[in-house]
Amino acid sequence: MQNDEIPPLSGWSEAELDRAFAAVAAEVEKSAASIRSPDDKEQFRLAWLGRKQGRLKAISDAWLKSAPAEAKKQIGQRFNTLKAEIEQRLEQAGAGSSDSALNAEAIDITLPGTRRKLGAEHPLIKTWNEIVAVFQRMGYSVGVGPEVETDYYNFESLNFPPGHPARDTQDTLVIVGQERKPLRDRLLMRTHTSPVQIRTMEQQPPPVRIIIPGKVHRNDAADATHYPIFHQVEGLCVDTNITFGDLKGTLDAAMKAFFGSSVKTRFFPSFFPFTEPSADVQISCPFCGGSGCRKCKQSGWIELLGCGMVDPAVFGFVSQKQSLYDPARISGFAFGMGIDRIAMMKYGIGDIGLLYSGDQRFLEQFA
Amino acid sequence: MKILSSWLREYVPGIAVSDRELADDLTLRGIAVEGVFDLGAHGSLFEMDITTNRVDAMNHYGIAREAATIYGLELKLLDTSLPAARVAARPVSVSIEEPKLCGRFTARVLLDIRLTPSSGVVAERFRLLEQKPIFNAVDATNYVVLAMGQPTHAFDLDKLEGGIIVRRARNGEKLRTLDGVERLLDADDLVVADEKKALGLAGVMGGWDTMITPETRNVLVEAAWFDPGVVRRSSKRHLLHTDASHRFERGADFNAPPVASALVSRIILEAGGHPEGELVDVVVEEAVARTAKRASVSFSLGEVRRMLGPTEDAEGILAGTAEGILSGLGCGMANAGAESWSVTLPSWRLDLERGIDLVEEIARVYGYNRFRNTVPAFSGTVVELPWAGKESAVRATLLALGWNEAISSSFCASEDAARFVREPGAAVAIGNPLSEEAGMLRPSLLPGMLDMLALNISRDVEGTALFEMGTVFSGGPERVDERPSLGFGATGQAFGKQDVDFYELKGTVEALLGKFASRSAYFDHFPAASGPAALRLTPAWLHPGRSARAVLDGATVGWFGQLHPAEAERRKLKQAVWIGELWLDRLYRQGLRQPVVEELSRYQPVRRDFSLMLPDSVAYAKVAEALEGLAIPELRIFEPKEVLRGKMAAPAHYSLLLGVVFQSHERTLREEEVQGWSQQVVAALEALGGKLRA
Ligand SMILES: [Zn+2]
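Going down the list, the sequences are from chains A and B. Just so you know, we're using this note's numbering here: the first sequence kicks off at 1 and counts up by one. Just so you know, we're using this note's numbering here: the second sequence kicks off at 368 and counts up by one.
Quick caveat, the hints were computed from the structure, so don't treat them as lab data. Take these hints with a grain of salt, some might be off.
Heads up, simulated DSS-like pairs for lysine-lysine below, C-alpha to C-alpha not over 25 Å straight-line [unchecked claim]:
{"id": "1", "chain 1": "A", "residue 1": "Lys181", "chain 2": "B", "residue 2": "Lys757"}
{"id": "2", "chain 1": "B", "residue 1": "Lys873", "chain 2": "B", "residue 2": "Lys941"}
{"id": "3", "chain 1": "B", "residue 1": "Lys1058", "chain 2": "B", "residue 2": "Lys864"}
{"id": "4", "chain 1": "A", "residue 1": "Lys297", "chain 2": "B", "residue 2": "Lys369"}
{"id": "5", "chain 1": "B", "residue 1": "Lys499", "chain 2": "B", "residue 2": "Lys467"}
{"id": "6", "chain 1": "A", "residue 1": "Lys117", "chain 2": "B", "residue 2": "Lys989"}
{"id": "7", "chain 1": "A", "residue 1": "Lys83", "chain 2": "A", "residue 2": "Lys41"}
{"id": "8", "chain 1": "A", "residue 1": "Lys83", "chain 2": "A", "residue 2": "Lys73"}
{"id": "9", "chain 1": "B", "residue 1": "Lys564", "chain 2": "B", "residue 2": "Lys467"}
{"id": "10", "chain 1": "A", "residue 1": "Lys83", "chain 2": "A", "residue 2": "Lys65"}
{"id": "11", "chain 1": "B", "residue 1": "Lys499", "chain 2": "B", "residue 2": "Lys541"}
{"id": "12", "chain 1": "A", "residue 1": "Lys295", "chain 2": "A", "residue 2": "Lys256"}
{"id": "13", "chain 1": "B", "residue 1": "Lys369", "chain 2": "A", "residue 2": "Lys117"}
{"id": "14", "chain 1": "A", "residue 1": "Lys83", "chain 2": "A", "residue 2": "Lys52"}
{"id": "15", "chain 1": "A", "residue 1": "Lys117", "chain 2": "B", "residue 2": "Lys882"}
{"id": "16", "chain 1": "A", "residue 1": "Lys117", "chain 2": "B", "residue 2": "Lys1014"}
{"id": "17", "chain 1": "B", "residue 1": "Lys757", "chain 2": "A", "residue 2": "Lys215"}
{"id": "18", "chain 1": "B", "residue 1": "Lys989", "chain 2": "B", "residue 2": "Lys1008"}
{"id": "19", "chain 1": "B", "residue 1": "Lys757", "chain 2": "A", "residue 2": "Lys117"}
{"id": "20", "chain 1": "A", "residue 1": "Lys126", "chain 2": "A", "residue 2": "Lys181"}
{"id": "21", "chain 1": "A", "residue 1": "Lys72", "chain 2": "A", "residue 2": "Lys52"}
{"id": "22", "chain 1": "B", "residue 1": "Lys1008", "chain 2": "B", "residue 2": "Lys1058"}
{"id": "23", "chain 1": "B", "residue 1": "Lys864", "chain 2": "B", "residue 2": "Lys757"}
{"id": "24", "chain 1": "B", "residue 1": "Lys757", "chain 2": "A", "residue 2": "Lys126"}
{"id": "25", "chain 1": "A", "residue 1": "Lys126", "chain 2": "A", "residue 2": "Lys264"}
{"id": "26", "chain 1": "A", "residue 1": "Lys41", "chain 2": "A", "residue 2": "Lys65"}
{"id": "27", "chain 1": "A", "residue 1": "Lys264", "chain 2": "A", "residue 2": "Lys295"}
{"id": "28", "chain 1": "B", "residue 1": "Lys564", "chain 2": "B", "residue 2": "Lys526"}
{"id": "29", "chain 1": "B", "residue 1": "Lys1014", "chain 2": "A", "residue 2": "Lys126"}
{"id": "30", "chain 1": "A", "residue 1": "Lys295", "chain 2": "A", "residue 2": "Lys126"}
Could you put the whole structure together from the sequences, leaning on the hints where they help?
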């Protein structure tokens, strides 16, 4: 498309200039007409307006060099006009000719996007963080404790006396070589996160509000809903004048924050050695709104939490180290829930083993 | 446990609600009815789930008492009347040698009884409860357990030799129990015996030799109260869990034996026979104080309200409500001042001991859902764990780089523990492991990581990249230390179209270390072949030539690289696997790096590429060191753009395409300056043995 030759100019008369400039304008017109793409446009711009190699400059340099001084001004003006015309062409090439030109550049947008792989947060950690966040907004700090506990913190101080039948419900994994120690000092894998309640109260006078997430262990054979490892979130609130109504109101508010404001709670008597009164809590099924579905086994309700008022005996153990935990003056409530169960319910996971398999095909679904 | 609604209604005739409402009302009071099955004219069958602390409610009369209390109705008394007894020629002698273990023992003799199949109410209720009838004397004891929970036992009187003695078993003593098994007893077992032999394992199971047979004509009915502990220990040791042991080990009703004895006798005598002598009832006074006549509890309405808060329609439980509930459950309520009582506790509720137990009973029977939901005020502050931000930063970085989070078991096999432990001998064993593969507390996250990678390989996953943040354990029986750790592993095309390599891992580790503030961070390695043995620190699980140690401010924070081919072979992993572990306890000692913005230059950068041939012995680190040694402030960036070995390079050499960027904060760079620095760069590299390629 590029014509390197300088067009001839045979004189400096108006007529001759008209002819010569018309010829150049025609050349501009012709090359502008072949603009189809942004690339073409850029080439057109460079070819005509380029500062070093641009044709307009080459022509004007050549013509002005030989022109007599009195003609130079008029020639300069004509070049300015021509330059403006070229710039206008350029602008039009951007707007006017776009549709057909751009259509020719169409790509297949139905091909899949190029995706960089996102890492997936583990569904248990996701659920864990969501639950913790709900309680943090309600004034609870996070508490943690060791996974290897003593019998004292895991059982005795939580009002599971030695030989008590309630110990049988928590099949315990023990550390080797403990037989010669006094029972209270024997090391075991914690069977619940409740020991952290005691550890926290021993270190901190009331008021206390903590939320305790963590991994726990049971000597349980694995099946679809049981696994030797699972995760719990436990909460504790102790102050003067904490009532059973406070426990109910707190859990009701937390469940609404977690599952949605239309969720309802109801409380049933239950038994835990470290709380009294104790309760099991059901929430109205957040999946079907209570009308019955597979997740709630058609009942409209799902059992989700265990809770109760802290047993005075527990305060008794704590007050050996923190005398301010006097059950005659303070009271409190504790609650706990299984993170695994909530995650399984929420994400429709049928087999708890998947959570601990490291199967990437499973994990990737949470990216 | 199965309960018949018609049986409950016999004990509480006034119940006005339907069976289904009754079931709901009981469930809301913690006497959980899990299923209601229609029995037509016979009412309903309730499938119950009673919590272990409520042994008193594991029978019809106990549940009827709950219903009577809920509805404020009267509970019928049990009919214990018997035909008049003949005067016994020789009354049975009963001697309790272990008053701590047996608090009460009753014996009643019935003579000339007739063994027949059960009939009437007993037969019908057995049928409805799907319980197999045997014959009247045996069914009677089972029926009474269903009725009011007290276990009893009937011996064939003619097989007894002398009076009854409740004693500890002798070490090595043998007893064939009703199930036909011969059991070896020891002094921790309590037996009911005659003068010659053990007749039964107290509170657990009767003996074979004195059991009732079709030939039996005369029986001795035992109804007793045994200590929960001794029954529990015997039941556990002999792996013999029976209806009787279940009740005794949770604390039976001390006042129930005479009642149960009468009820059993009434049923047996319906078919014939007569009582011989009055009931022999031996009571240990000391046990009475622990059970039937415990100290009364002082109790106030204020305490109830302090614990429970307002109800839906009042500022708290009313005095009349509290009194009504507790008396319904069997408590004696004596007024002791304004809105306070001295409460005596029922013999069948050994689970009630303290004021709080009474508060719970009131809340339970009143109905948990009738208390107002309130939210407590709070004036404290929310405190974050000191490492919470660091943990989030590590997790977020890994997720952004495309690693998937996994969680694995806290246990591993002992060979793995030995191979992956940080300090030899510091792995901790489990005393009662679930399996041999889970015999140790994991000293490292890598055994679990390798199992997970192997699973993905076996399932033909094209590329896997996993990380786990969890606890690792070390120590011994005396003390176990827990440390947070990060394990990561990748194999195959985990991040793109190319297989994972060393640099993929190193890039991840660099990004993680970059999140933390430090004065220095570097990587080094200790090939197996070089240096003195003491310096060969590379863990045995790593390929010695393709692994590195990460060091932050002088402290080792972890290792990563290719899994040692021998370890890969042991695990039958046929493809290259890349793994590593960062010791988060050490990493978390550093603060998170606070970005401080560097001023951006307004002047154009000048880029120059150098294509070089370098001897293999010159590691890239030496190139970097040489360039840094030039100390040219305008040399802003240098990076290896391409490294080629093998065919593309001369023998024992590699080719390096080095990209360099010069830029100044003060001015546009002149061509001559750039030229000069480029020559310095070339000279420095030539000094290392490099040759500039055309
Ligand atoms: Zn549902």
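Evaluated hints:
1. With a C-alpha separation of about 38 Å, the suggested pairing of A:Lys181 with B:Lys757 is violated against the 25 Å cut-off.
2. Distance restraint check for B:Lys873 and B:Lys941: the Cα-Cα separation of roughly 23 Å lies within the 25 Å cut-off, and the hinted pair is therefore satisfied.
3. For the proposed pair B:Lys1058 and B:Lys864, the alpha carbon gap of about 33 Å is over 25 Å, so the pair is violated.
4. Restraint check for A:Lys297 and B:Lys369: satisfied, since their Cα atoms lie roughly 22 Å apart, inside the 25 Å limit.
5. In summary, the hint linking B:Lys499 to B:Lys467 is not supported, as the alpha carbons are separated by about 36 Å, beyond the 25 Å threshold.
6. For the given pair, A:Lys117 sits about 34 Å from B:Lys989 by alpha-carbon distance, which is inconsistent with the 25 Å threshold.
7. At most 25 Å may separate the alpha-carbon atoms for a hinted pair to count; A:Lys83 and A:Lys41 meet this at roughly 15 Å.
8. Under the criterion of a C-alpha separation no larger than 25 Å, the hint pairing A:Lys83 with A:Lys73 is consistent with the structure, at around 15 Å.
9. Between the alpha carbons of B:Lys564 and B:Lys467 the distance comes to roughly 21 Å, so the proposed pair stays at or under 25 Å and holds.
10. For the given pair, A:Lys83 sits about 18 Å from A:Lys65 by alpha-carbon distance, which is consistent with the 25 Å threshold.
11. With a C-alpha separation of about 30 Å, the suggested pairing of B:Lys499 with B:Lys541 is violated against the 25 Å cut-off.
12. About 18 Å separates the Cα atoms of A:Lys295 and A:Lys256, which keeps this hinted pair within 25 Å; it holds.
13. A C-alpha spacing of about 56 Å is found between B:Lys369 and A:Lys117, which places the hinted pair above 25 Å, so the restraint is violated.
14. Taken as a hint, the A:Lys83 and A:Lys52 pair is honoured in the structure, with Cα atoms around 15 Å apart against an allowance of 25 Å.
15. Annotation: proposed proximity of A:Lys117 to B:Lys882 holds, straight-line Cα distance about 21 Å (limit 25 Å).
16. Between A:Lys117 and B:Lys1014 the alpha-carbon distance is near 33 Å, which puts this suggested pair outside the 25 Å criterion.
17. Of the pairs offered as hints, the one joining B:Lys757 and A:Lys215 holds, with about 19 Å between alpha carbons and a cut-off of 25 Å not exceeded.
18. A threshold of 25 Å between alpha carbons decides the hint, and for B:Lys989 with B:Lys1008 the separation of about 16 Å falls inside it, so the pair holds.
19. For the hint linking B:Lys757 to A:Lys117, the alpha-carbon distance of about 23 Å falls within 25 Å, and the restraint holds.
20. The suggested pairing of A:Lys126 with A:Lys181 is violated, with an alpha-carbon distance near 40 Å, which exceeds 25 Å.
21. About 21 Å separates the Cα atoms of A:Lys72 and A:Lys52, which keeps this hinted pair within 25 Å; it holds.
22. At roughly 17 Å between alpha-carbon atoms, B:Lys1008 and B:Lys1058 fall within 25 Å of each other, so this suggested pair holds.
23. The straight-line distance between the Cα atoms of B:Lys864 and B:Lys757 is roughly 32 Å, outside the 25 Å bound, and the hint therefore fails.
24. For the given pair, B:Lys757 sits about 17 Å from A:Lys126 by alpha-carbon distance, which is consistent with the 25 Å threshold.
25. Taking the CA atoms of A:Lys126 and A:Lys264, the gap is near 23 Å; set against the 25 Å cutoff, the hint holds.
26. Distance restraint check for A:Lys41 and A:Lys65: the Cα-Cα separation of roughly 30 Å exceeds the 25 Å cut-off, and the hinted pair is therefore not satisfied.
27. The suggested pairing of A:Lys264 with A:Lys295 holds, with an alpha-carbon distance near 16 Å, which does not exceed 25 Å.
28. For the proposed pair B:Lys564 and B:Lys526, the alpha carbon gap of about 11 Å is at most 25 Å, so the pair holds.
29. Straight-line distance between C-alpha atoms of B:Lys1014 and A:Lys126 comes to about 49 Å, which puts the hinted pair past the 25 Å bound.
30. For the hint linking A:Lys295 to A:Lys126, the alpha-carbon distance of about 20 Å falls within 25 Å, and the restraint holds.
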